[in-house]
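Once you've looked at the hints, dock chain B against the given chain A.
Read top to bottom, the protein sequences are chains A and B. Heads up: the first sequence is residues 66 to 478, going by this note's numbering. Heads up: the second sequence is residues 66 to 478, going by this note's numbering.
Since the hints were derived computationally from the structure, they do not count as laboratory data. Since the structure is predicted, the reported quantities are computational estimates derived from the model, not experimental observations. Incorrect hints may appear among the rest.
Intra- or inter-copy, both count: the list cannot distinguish identical chains.
Stated by the list, open to error - Derived pair list, reagent style DSBU-like, types lysine-lysine, alpha-carbon separation capped at 35 Å:
(1) Lys-190 x Lys-400
(2) Lys-441 x Lys-190
(3) Lys-195 x Lys-400
(4) Lys-441 x Lys-416
(5) Lys-400 x Lys-459
(6) Lys-190 x Lys-459
(7) Lys-416 x Lys-134
(8) Lys-398 x Lys-416
(9) Lys-398 x Lys-459
(10) Lys-432 x Lys-315
2 protein chains.
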Amino acid sequence: MSDWTEISGGITAPRGYKAWGMAAGLKPSGAPDLALILSDVDAIAAGVFTTSQVRAACVDYCRQQLQAKASAKAILCNAGQANAATGEQGNIDAIETAQALAEALNIAPESVLLASTGVIGQRIKMDALKAAIPQLVASASESGGEQAARAIITTDLVPKSIALETLFGDRPVRIGGISKGSGMIHPNMATMLAFVTCDAVVSPPLWQEMLSRAADRSFNQITVDGDTSTNDTLIALANGQSRTPAITGKGPEADRLEAMLTAVCEHLAKAIARDGEGATCLIEVQVSGAADEADARQVAKTIVGSSLVKSAIFGRDPNWGRIAAAAGRAGVKFKQEDLRIQLGDFLLMEKGQPLPFDRAAASQYLKQAAAGEYLKSDTVLIQVNLGNGSGVGKAWGCDLSYDYVKINAEYTT
Amino acid sequence: MSDWTEISGGITAPRGYKAWGMAAGLKPSGAPDLALILSDVDAIAAGVFTTSQVRAACVDYCRQQLQAKASAKAILCNAGQANAATGEQGNIDAIETAQALAEALNIAPESVLLASTGVIGQRIKMDALKAAIPQLVASASESGGEQAARAIITTDLVPKSIALETLFGDRPVRIGGISKGSGMIHPNMATMLAFVTCDAVVSPPLWQEMLSRAADRSFNQITVDGDTSTNDTLIALANGQSRTPAITGKGPEADRLEAMLTAVCEHLAKAIARDGEGATCLIEVQVSGAADEADARQVAKTIVGSSLVKSAIFGRDPNWGRIAAAAGRAGVKFKQEDLRIQLGDFLLMEKGQPLPFDRAAASQYLKQAAAGEYLKSDTVLIQVNLGNGSGVGKAWGCDLSYDYVKINAEYTT
Chain A
66 MSDWTEISGG ITAPRGYKAW GMAAGLKPSG APDLALILSD VDAIAAGVFT TSQVRAACVD
126 YCRQQLQAKA SAKAILCNAG QANAATGEQG NIDAIETAQA LAEALNIAPE SVLLASTGVI
186 GQRIKMDALK AAIPQLVASA SESGGEQAAR AIITTDLVPK SIALETLFGD RPVRIGGISK
246 GSGMIHPNMA TMLAFVTCDA VVSPPLWQEM LSRAADRSFN QITVDGDTST NDTLIALANG
306 QSRTPAITGK GPEADRLEAM LTAVCEHLAK AIARDGEGAT CLIEVQVSGA ADEADARQVA
366 KTIVGSSLVK SAIFGRDPNW GRIAAAAGRA GVKFKQEDLR IQLGDFLLME KGQPLPFDRA
426 AASQYLKQAA AGEYLKSDTV LIQVNLGNGS GVGKAWGCDL SYDYVKINAE YTT
Chain B
66 MSDWTEISGG ITAPRGYKAW GMAAGLKPSG APDLALILSD VDAIAAGVFT TSQVRAACVD
126 YCRQQLQAKA SAKAILCNAG QANAATGEQG NIDAIETAQA LAEALNIAPE SVLLASTGVI
186 GQRIKMDALK AAIPQLVASA SESGGEQAAR AIITTDLVPK SIALETLFGD RPVRIGGISK
246 GSGMIHPNMA TMLAFVTCDA VVSPPLWQEM LSRAADRSFN QITVDGDTST NDTLIALANG
306 QSRTPAITGK GPEADRLEAM LTAVCEHLAK AIARDGEGAT CLIEVQVSGA ADEADARQVA
366 KTIVGSSLVK SAIFGRDPNW GRIAAAAGRA GVKFKQEDLR IQLGDFLLME KGQPLPFDRA
426 AASQYLKQAA AGEYLKSDTV LIQVNLGNGS GVGKAWGCDL SYDYVKINAE YTT
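If we strip away everything but chain A, and leave its shape as in the complex, we get (with noise of 0.2 Å):
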């Protein structure tokens, strides 16, 4: 299927980029909180931001720095505090932060991304930061990516890091990628970030739609207890370190380089679902026969967004009526005569139609998956189909556990 391969090194494995993550002091508990992403040559940049109204000052930094120009060479993450509903004041320190950065790298600030998570109304410590700063420069290496990895992370229970490798010609072209998130509430924190670095040669313009495109496909079809953070960022980086050809429109190649990236966004995505709280497995909801694609994703985003649905899969319960439920609300159109439903290999509903299964089988399938090896075997698979249409789309969540609920509601402060 995939003309690609997994290989080892993360964000660092594409040619021409260096990383690095250390402990600055930023979070209370000292465990790594400030991560570097480095280019050694200007890289197209690209970004998809949080749409919320109420958003980080890096996150309008950001945004402003890649209109005027859409490259960078470094990106500097802070785990700790999200500078988020901090005014005027959130401003300054980002201008700052990309100002230090870019003196100790002795480039443009200009070039300088930002993204923050950890606590919203609190600025960042800036003079941790700014001390932290030449250290984790001169740390930076090709091997740093998966340092950078963990500095990122706040309440995951593990390092989110991939790289995919293919061929064009006999030149090869890698993605790398590093995400943190942990996909369900958080006392105070539920950032999704994910940065993405690639070797290929692209267009400007052509990057970022295939960047937003794979999002649409990958974190925008995750669901995140439906809290949308101030702080979500993906930035992807394309430096055309590989040498390879470059891709400047519609084509095979184009295609190619796409399907790599979306897939990069798609494990990241799917880690990020697998972390949350307490969850005991990953689900992945697969409609087709919808009359488009956003259609599809749309029905695939409800049903594993659906608490009935989790919390079913949490107590091994094929819940048929659930899923069916899920999809008639999805705010999209079909016919209930039309309803397929498949947890599986069991066939549960047809034609709208609720079928005899062996329902003590059904819930042993579900027991499996929460005892598989992690993102490999841990999947419970709902396949939906919704009629004749050509729309396919896919989501992913996790289920809604006791371990979950009990973090949370006991969190007082």
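Okay, now just chain B, sitting in the frame of chain A:
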């Protein structure tokens, strides 16, 4: 403010109505499960139904009846089986149910409306239902409103009933209502049902318009954990037995009737939100300064539906950041520098900036709400201003508690 007073009697408070509720053996528990509402004369009938593409047979049945003729004499509601996803047999059962009741009442089947709540995919136990109809009809009385209120509930903790009275000249006009739904996750049922009786003299199109607007400001502004049911039904009858002047168009009497209808719907909707599993308080969000009412309602509903906000309130945590973040992602445009957030008497944010406030006292405000009296003083009030617009709107929900999640997380078939 309001020119009405609360009276007893629920749906049998208006003139010319009888009602009853009984255990017909539909629920395995043996609890009351069959309710009848009866108007002495043909009543104007208006309805608002689920927008889900997966609908119960009774919903399709009522829609067809009301399209053909906007009047009815009887409403029969069963609890225990939803008669949704039951295919053509479900439609046959619905028609047979209406015929059986019509025969017992000696009226036309077209004068009967139906509602069901219970397990999706299960047919109504037709033999038990039909066997119970003679006793149900014989028992219907002008003081049976509370029996009906009890027979339509499923996992609700309390029956929900209200009646209001106002004077048109020297003659009383009354509206009564009952509702069911516990506003949160339930293993197999989350239906919202509400039935309203009124003795005013009003024209059919105006009554439907009033009901649709009242529903938008009440039932459509409570969060039922996002899951719209296959069976959601609101039916309102107006039988003209108050013998007051006919209301056929705009005017002060129409405004007064609609305001009282809205108040009845708001009470019933709040009662559903308050009855969420494990809820310790009602949350009311008031939004002002929006461009229009729809925007204000959208922001209010997004805030009150946020799992982050709901769990913060259960944790007695005056977490303005979560409220601001929810407002920001509501899909409504506003300037974050205009945002103002107040919790009870505590001003938490103004002009988009967090303000210093007495955190312990604000937390105490949340604690007191949880100890308050049901639907009287157990309300947490969140007021949000978005700017200079004239749009105002309200929404209601409940907190997300440990008990709530415990019940649902531990559910396994």
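What hints, given by number in increasing order, does this structure fail?
Going through the list in order, the structure violates hints 2, 6, 10 and respects the others.
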